[in-house]
Amino acid sequence: MSKEAAADFEAHRPRLFSLAYRMLGSASEAEDVVQDTYLRWSTADHSAVRTPAAWLTKVMTNLCVNQLTSARAQRELYVGPWLPEPVLTHTGADRLGPLETAEQRESVSFALLSLMERLTPAERAVFVLREAFGHSHREVAEAVGIEEAHSRQLHRRARERLRHPRRDFDVDDAQHQKIVERFFAATFEGDVAGLEQLLADDVVVWADGGGQVTAARRPITGHENVLRYLLGLGSRPETARVRVEFAEVNGAPAAVVFAGQALLAIVVPEIREGRVDAVRTVINPDKLAFAAGQLA
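Taking the UniProt record's numbering as reference, the numbering of the sequence shown is continuous, increasing by one, and the terminal residue is 296.
Simulated from the structure, these hints should not be mistaken for lab results.
Where hints are given, some of them may not hold.
[What the hints assert, rightly or not] Simulated DEER-style distance windows between Cβ atoms: (1) P237 to R138: 55 to 61 angstroms; (2) A262 to A48: 24 to 30 angstroms; (3) G293 to V213: 16 to 22 angstroms; (4) S136 to R241: 52 to 58 angstroms; (5) Y78 to G145: 38 to 44 angstroms.
[Claimed, not checked] Simulated pairs of lysine to any residue, SDA-like, Cα-Cα distance not exceeding 20 angstroms: (6) K178 to H90; (7) K58 to Q175; (8) K58 to R13; (9) K58 to A185; (10) K3 to V49; (11) K58 to H90; (12) K3 to D45; (13) K178 to E273; (14) K58 to A122; (15) K58 to E76; (16) K58 to Q35; (17) K58 to E142; (18) K178 to K58; (19) K3 to R105; (20) K178 to R105; (21) K58 to P14; (22) K3 to S28; (23) K58 to A149.
The beta carbon of each residue, even a glycine, is placed where N, CA and C say it ideally should be.
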């Protein structure tokens, strides 16, 4: 492969990774797909490629659709709730691309990536290309290998399946951060009154241990159930030995929990109307590996 062709690919690598991550919800799988795309590019007839960006997008989209098809069967056997792999953002080398607008942050949020598990692989590909990257339906159809009318149909179906209250991205970032910090302080201090005030009535907690680490196998729902669960966590002896730092994860304030120097968990609370209405915790070591690498 010529130096020019290699340089072309490297120029597109960040966009390809951020696209693959949104499609797959997995940073490690996204890296693998980007590498597979590179291998195909390295053996392609570059003189016949008019637009490298379109060629690379099409190849990678097809790889992602294939990966999603096999992943659907694997996730049916997954132990407990499945959550996306967390990615630290605003680290100086933002792997997920610009997250300056509410729409950009929504596209990588744990809430949306979790909901996208409802979609078929083709619906997910169309939705991401259209919503997160602003491709026209003609471009989407070409990338996915379908007719433009079918692209419109899949996009409409995906939007219907993903209808949900939008995250409160318009709240002041500093205020959002303060709510998250108050939530964790109340949990670790066993502050019943503080948690009662912070938790939404219909709050839900998910914990992804993947069968490797002890975690709730089902979502915990409702104000009282979640309150008891959090107070139980805060009262455990090992809680006193962990260290909590705050960071931006997938475009939102989150807690990064350490046991010594080892990354133990990443906890992403979702805030709506000033209260915590969802908490997603990743403690599966395999899913923390990418973030741990970012922190190294």
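Can the restraint linking K3 and R105 be considered satisfied, given a maximum Cα separation of 20 angstroms?
-> Measuring from Cα to Cα gives roughly 35 angstroms; hence the hint is violated.
Given the proposed pairing of K58 with H90, does the C-alpha separation stay at or below 20 angstroms?
-> violated, 28 angstroms
K178 paired with K58 [C-alpha distance capped at 20 angstroms] = violated, 42 angstroms
Given hint P14 paired with K58 - CA-CA distance at most 20 angstroms = holds, 16 angstroms
Y78 paired with G145, Cβ distance criterion 38 to 44 angstroms = Violated - the Cβ-Cβ distance for Y78 and G145, about 29 angstroms, lies outside 38 to 44 angstroms.
With a cut-off of 20 angstroms on the C-alpha distance, tell me whether K3 and D45 pass.
-> holds, 14 angstroms
Do the beta carbons of A262 and A48 sit within 24 to 30 angstroms of each other?
-> With Cβ atoms ~49 angstroms apart, the hint is violated.
Straight-line Cα separation of K3 and V49 no greater than 20 angstroms?
-> Holds, at about 16 angstroms.
Given the hint that K178 pairs with E273, does the C-alpha gap stay at or below 20 angstroms?
-> With Cα atoms ~14 angstroms apart, K178 and E273 stay inside 20 angstroms; holds.
Do the alpha carbons of K58 and Q175 lie within 20 angstroms of each other, as the hint requires?
-> Given that 20 angstroms is the threshold and the Cα spacing comes to 41 angstroms, the pair is violated.
Can the restraint linking K58 and A185 be considered satisfied, given a maximum Cα separation of 20 angstroms?
-> violated, 47 angstroms
Between K58 and E76, is the straight-line Cα distance small enough, at 20 angstroms or below?
-> The hint is violated at about 28 angstroms.
Hint check: violations occur at hints 2, 5, 7, 9, 11, 15, 18, 19 and 22; the rest are consistent with the structure.
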